[in-house]
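Q: Chain by chain, the residues:
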Amino acid sequence: MRYFTTCLLLVAITAITSAEDVSFNRDIRPILSENCYYCHGFDDQHREADLRLDTEDGSLQAIEPGSPADSELLRRIMSTDGDEVMPPPSSHKKPLSPAQIELISRWIEQGAKYEGHWAFIAPVRTQIPSDTIADGQNPIDYFVGKKLRDKSLEFSPAAEPGKLLRRATLDLTGVPPTMDELNRFISQPDGANDEYEAVIDRLLASRRYGERMAMDWLDAARYADTNGYQGDAYRMNWPWRDWVVNAFNDNMPFDQFTIEQLAGDLLEDPTEKQLIATAFNRNHMLNAEGGTIPEENRTKNVFDRVETTSGVWLGLTFQCCQCHDHKFDPLKQSDYYSMYALFNQVGEPGGVDKRFGKKDYSDEYDKLYAIESPYISIATREQADALKNATAARKQAEKNFSDRKSEYFPAFAAWVEEMRTNTTLIEQRIQDELDRRAVTSAKLDSLFDGNTQRLLNIYFRLEGNEPYAELMSAIASAKRTEDDVQATIPLVMVMRDDKPRETRILERGNYETPGAVVPPGIPSFLPALPEDAKVDRLALAKWLVSDEQPLMSRVVINRLWQLFFGQGLVKTPEDFGMQGALPSHPELLDWLAVEFRESGWDVKRMVKLILTSRTYQQSANVTPALLAIDPDNALLARGPRQRIDSRFLRDQALSLSGLLIDKPGGFAVMPYQPPGIWEDMSFDKNRYFEGTGEDLYRRSLYTFWRRSVAPANFFDVPARQVCALKPQRTNTPLHALTTLNDVTYVEAARVWAAKLMLIEDECERIEQAFLSATGANPDENVLKSLKNTLAKARMHFAAHRSEAEKLTAAGESPPSSNTDPVDHAAWTTLCLLILNLDETLTK
Amino acid sequence: MSLRQSRRNFLGSLSLSLGAPAFQTLLAGETSSSNALPHFPPTARRVIYMMQSGGPSHVDLFDDKPELQRLAGQDIPESVLGGLRLTTMTANQTSKPCLPAAFGGSKRGDCGMWVSDLLPHTAGIVDDLCFIRSMHGEQINHAPAVAHMMTGSNLPGRPSIGAWLTYGLGSMADDLPSFVVMTSRDQEASCGQFFYDYYWGSGFLPGKYQGVPFRGAGDPVLYLSNPDGMDRELRRTLLDGLADVNQMAYEKIGDPEITTRISQYEMAFKMQASVPELTDLRSEPKSVLEMYGPDVHRKGSYAYNCLMARRLAERGVRFIQLMHAGWDQHGNLPTQLPIQCKDTDQPSAALVKDLKAHGLLDDTLVIWGGEFGRTPFVQGDIKNVKAHGRDHHPRAFTMWLAGGGVKPGCIYGSSDDFGYHVAENPVHVRDLQATLLHLCGIEHERFTYRHQGLDFKLTGVEPAHVVREILA
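Top to bottom, those sequences are chains A and B. Counting from 1 along the first sequence, just add 87 to a position and that's the residue number in the working numbering. Counting from 1 along the second sequence, just add 12 to a position and that's the residue number in the working numbering.
This list has only true hints and no planted wrong ones.
Mimicking DSS-like on lysine-lysine, the simulated pairs with C-alpha atoms at most 30 Å apart in a straight line are:
(1) A/LYS445 with A/LYS750
(2) A/LYS871 with B/LYS264
(3) B/LYS119 with B/LYS398
(4) B/LYS419 with B/LYS365
(5) B/LYS282 with A/LYS893
(6) A/LYS879 with B/LYS264
(7) B/LYS264 with A/LYS874
(8) A/LYS233 with A/LYS658
(9) B/LYS311 with A/LYS454
(10) A/LYS454 with A/LYS486
(11) B/LYS119 with B/LYS365
(12) A/LYS482 with A/LYS445
(13) A/LYS658 with A/LYS629
(14) B/LYS311 with A/LYS893
(15) A/LYS772 with A/LYS530
(16) A/LYS492 with A/LYS446
(17) B/LYS264 with A/LYS233
(18) B/LYS264 with A/LYS658
(19) A/LYS691 with A/LYS234
(20) B/LYS298 with B/LYS354
(21) A/LYS530 with B/LYS395
(22) A/LYS658 with A/LYS200
(23) B/LYS282 with B/LYS311
(24) A/LYS530 with B/LYS398
(25) B/LYS282 with A/LYS874
(26) B/LYS282 with A/LYS879
(27) B/LYS264 with A/LYS238
(28) B/LYS419 with B/LYS368
(29) A/LYS566 with A/LYS475
(30) A/LYS772 with B/LYS311
(31) A/LYS772 with B/LYS398
(32) A/LYS445 with A/LYS530
(33) A/LYS360 with A/LYS475
(34) A/LYS234 with B/LYS264
(35) A/LYS772 with A/LYS445
(36) A/LYS441 with A/LYS486
(37) A/LYS871 with B/LYS282
(38) A/LYS772 with B/LYS354
(39) A/LYS200 with A/LYS233
Think of the hints as simulated: they come from the structure by calculation, not from any bench.
Could you build all of it, start to finish, from the sequences and the hints given here?
A: Structure, rendered in structure tokens:
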């Protein structure tokens with residue numbers, strides 16, 4: 088009876104559908120992956136009923152190709168019997184929809200053919216028929232246009248020149264165009280394509296290009312200026328950050344960019360720069376919490392390297408394979424640990440082994456550095472000499488003290504032993520709690536043990552042994568000098584395979600339960616390494632950039648696309664596996680991927696190709712009809728429009744006001760931050776030392792990034808704790824409060840206002856402010872509205888003069904001398920408004 | 013399709029507005045496999061989580077063990093330790109002598125729960141509380157253990173409980189964030205722990221679901237105050253002008269995100285009024301202030317935060333996370349624990365009483381507990397009373413819950429004779445999380461979010477169980 092019903096249903100379904108071909112990859116795999124693979128997929132540990140549906144062979148158990156009615160699979164997904172229906176109710180998955188059932192039925196009818204997962208097959212360039220592409224037409228527009236025609240849509244008109252210039256300038260440099268640049272570009276006659284190309288070339292040649300491109304790479308590489316975890320001490324990996332900026336600016340081919348970061352140390356005679364590049368895999372957090380177990384910490388470091396590397400270059404999420412074979416993708420747990428083995432040969436101790444402090448602001452160490460081996464020291468000749476001298480001086484001071492040990496130590500040791508025997512003495516003699524603890528824990532056989540030193544200090548103070556106390560303070564002073572010199576010299580944590588280790592599978596990802604030994608290697612389902620190759624990180628890096636590699640070129644070009652369009656052609660940049668999104672334009676993605684590789688991994692060339700496409704240059708305006716058809720702009724029938732990354736919003740405000748200090752690289756800086764944020768999180772142990780002068784106005788790229796709490800005026804940014812590959816864009820009142828009230832923006836508004844006030848004509852001032860902030864000239868209504876607000880603000884301040892003086896004093900930059908406070912405050916209000924316009928916040 | 017778009021805009025503006033679950037469901041449908049939320053009628057409409065960071069000593073405070081008394085000073089049997097891992101602070105300590113509860117205590121209330129004399133106020137309300145003496149986890153260090161408790165994973169990057177709840181259930185307040193965090197510490201600042209923003213982060217959920225820190229000093233919410241020289245009237249003028257031009261932009265550009273932005277700026281303006289009202293304690297009767305103790309007048313203190321928690325609960329904030337540090341007594345337990353208890357006991361109990369008096373306890377779930385307990389054996393020299401303590405211990409510890417559909421006057425689970433392992437009715441951290449979600453009307457197995465191709469849930473991949481025995 089059930090069988091009969093099924094047949095009837097099938098007849099009904101078949102009758103209403105067209106004969107269009109069903110594509111396994113497009114139509115069927117997503118359904119199977121979502122609903123079936125968890126129990127009937129790749130992971131044989133958890134496979135139910137011995138049935139696997141991720142391979143054609145396996146599927147034959149439940150599918151009769153060509154005959155839906157005889158296929159158990161179809162019967163089960165259509166069943167209404169709770170004990171039979173698939174997916175079972177206990178899986179908390181919804182029953183398949185009639186449309187999904189219908190697709191599967193048709194697919195079976197058409198032979199139930201499987202296809203390899205698209206992303207695991209090397210991309211092939213689709214040949215563009217020469218008669219379908221106009222001379223000089225950008226191939227991107229061919230693919231996008233074809234899809235638009237299929238959907239009976241067309242490209243939007245070109246964006247207004249000013250808007251386009253602003254979009255491209257922000258996209259490539261992270262700051263808006265200057266008034267001069269805008270005026271020059273807008274005054275070009277229509278259709279001056281050469282001019283636009285020249286603009287792109289100019290922007291690509293700007294140093295700011297590298298700074299802009301580095302931001303997202305730093306997010307992916309979880310770069311920060313502290314270690315995270317307990318203490319969250321400082322580190323000094325910033326030369327790596329500068330290496331990234333320079334690599335983008337020099338247009339380093341992306342294969343080299345890849346190889347040097349993953350395996351620069353394994354190249355023949357690596358240069359210092361190539362070693363710095365390997366800090367990529369040392370940018371992870373470091374746990375130095377008291378009581379942590381080094382092997383556990385070290386294991387976490389290696390996990391992070393595997394996951395970051397596979398996310399960034401393969402677009403695969405490996406994390407679940409720490410514990411078991413992947414449920415959806417053909418990734419085995421042993422693959423995970425084979426890759427783990429590649430990153431497991433570093434002589435890192437699993438905790439920091441180089442600590443020093445810097446006392447910039449007080450006698451307490453206010454900056455604590457904690458570095459883990461291996462690291463390299465990037466010192467100039469002078470710095471190296473200075474450090475050598477300072478170290479020698481400190482050692483001499485220590486020697487002066489230890490040489491006289493016999494004079495004071497026996498009595499001191501007896502003094503400690505006395506307290507150890509009679510603990511009531513501790514209380515009498517010692518006030519501070521940590522000092523008291525030192526009585527028990529001091530290692531008296533070591534004169535320079537921290538606790539011994541602590542107690543010696545107390546002892547000398549109490550006993551009044553002046554000469555020895557002086558010798559001790561000489562050591563402290565020499566140590567301080569040494570630390571001060573050390574703190575000027577970056578110690579960059581790098582990769583170095585100096586500790587060969589056998590790698591075992593860690594059962595359930597736990598370092599305490601090692602299992603079978605695995606050889607180093609790469610995921611077995613992907614093309615193999617060359618047979619004779621030594622299997623190490625260098626082999627991995629070369630394999631990633633090899634011609635056969637199906638994922639890497641797509642994954643990287645997809646993120647490049649995402650940078651400019653707000654979302655990738657594959658909407659899940661972090662997951663190109665079977666659970667990931669399918670590409671919206673598969674042919675375009677593959678064409679770009681091949682082009683990228685064949686261009687010699689030329690990033691600037693690809694960027695230029697994208698930015699000079701008609702697709703990119705379209706107006707972002709949208710009609711209700713188009714919005715209804717394509718709310719997310721997946722079809723690309725309009726230009727990109729997104730709120731600017733909050734870090735570049737800050738750069739934009741600084742740039743518009745003229746405050747921006749365009750100084751490259753070096754130590755991170757600490758611009759404005761409301762007091763108490765670090766202190767609250769760390770119980771006053773981490774203090775924020777707000778910078779002065781130039782430090783307040785450097786680009787956001789150089790803002791000091793503490794992992795336990797990100798810079799306060801950045802929002803929708805990754806925490807820089809783990810790899811992040813996808814931008815966040817939310818819209819909350821807290822963001823509004825930031826750009827309305829943070830002194831960064833208020834100061835920018837008042838400095839910008841003073842600059843504008845140098846222009847005679849008020850109307851012109853408004854026009855210029857609006858144009859430079861939005862790339863468009865204000866129309867009459869906008870102008871009227873802004874004038875109206877200005878007038879109201881002026882009236883307000885005329886009645887509240889002292890308020891005007893306060894507003895125009897925001898920030899540290901000098902007050903403007905020649906402005907009337909009332910007028911200046913009114914203009915400041917207007918500038919703050921303009922900085923907060925949707926058109927200013929959005930590119 | 014147009015529905016999808018309008019939903020996005022609607023939800024964009026929803027982060028602070030009424031969160032009709034039905035609309036949230038639409039969003040969930042896009043990214044998660046969950047059904048309509050809540051899955052069933054909740055007993056808790058909001059949650060106050062009082063995180064006692066550092067690891068309160070269960071053996072001193074709640075889990076009295078005569079066996080520790082009997083074997084005081086003698087090594088804890090190896091068979092109890094079982095070769096399981098310890099932190100490197102005590103792993104190499106040559107002897108591990110039993111250290112009995114140092115401060116005395118007695119069985120209290122009708123339920124007969126043993127409570128330390130250090131916690132007289134908590135002892136006074138035991139019949140309103142539900143004690144779980146069989147909590148356990150795996151993490152032995154602070155940061156991973158707190159992260160596990162608050163986010164379900166010991167590594168950073170997962171959404172915190174509050175983020176999950178506000179994502180799933182939306183907000184009930186239209187002028188306050190739906191997830192608020194407040195931090196405090198012991199007055200001596202003797203502990204070395206730090207807080208990380210991923211303890212209240214949104215992980216892979218959209219950033220708007222992360223906890224909003226309310227600070228003790230300066231602006232309660234970052235950047236809340238207008239700049240010097242710009243009063244509320246002028247801000248209104250600015251915002252009116254801004255909305256006017258933004259509206260024109262919308263008419264030209266057609267991007268619905270612009271209207272969302274207009275409403276977010278309005279919401280910001282509202283918040284600027286509602287937050288100061290919230291933090292103005294002048295409307296609180298003297299008797300209420302006194303109930304929380306003298307510290308309540310000190311902004312940023314635990315007592316102040318407890319009172320603020322009630323005020324936030326009243327105003328419809330869904331998840332209130334208090335983070336209080338100072339329970340990490342490795343080497344100062346005999347001296348510091350009494351101070352720590354004094355700082356926290358009265359305000360914690362006052363909050364429960366106050367919620368009850370305001371009729372809020374019935375549908376507010378209150379949770380008190382740390383990321384782990386402390387070792388039944390001593391850390392340091394057992395003779396050195398001024399400088400010894402206990403190490404971290406996640407294998408058995410005690411927490412308490414109140415209100416929100418939890419059985420009052422309940423004692424659940426127990427540890428072994430040493431307070432070292434769970435003896436009966438174990439409650440894993442993920443079981444507690446599953447139970448919390450259940451009280452909020454959510455079946456934890458069905459509440460998932462698709463990220464990197466996987467359906468993540470708060471309770472992770474290991475089986476988790478709702479502790480039905482403690483449900484009222």
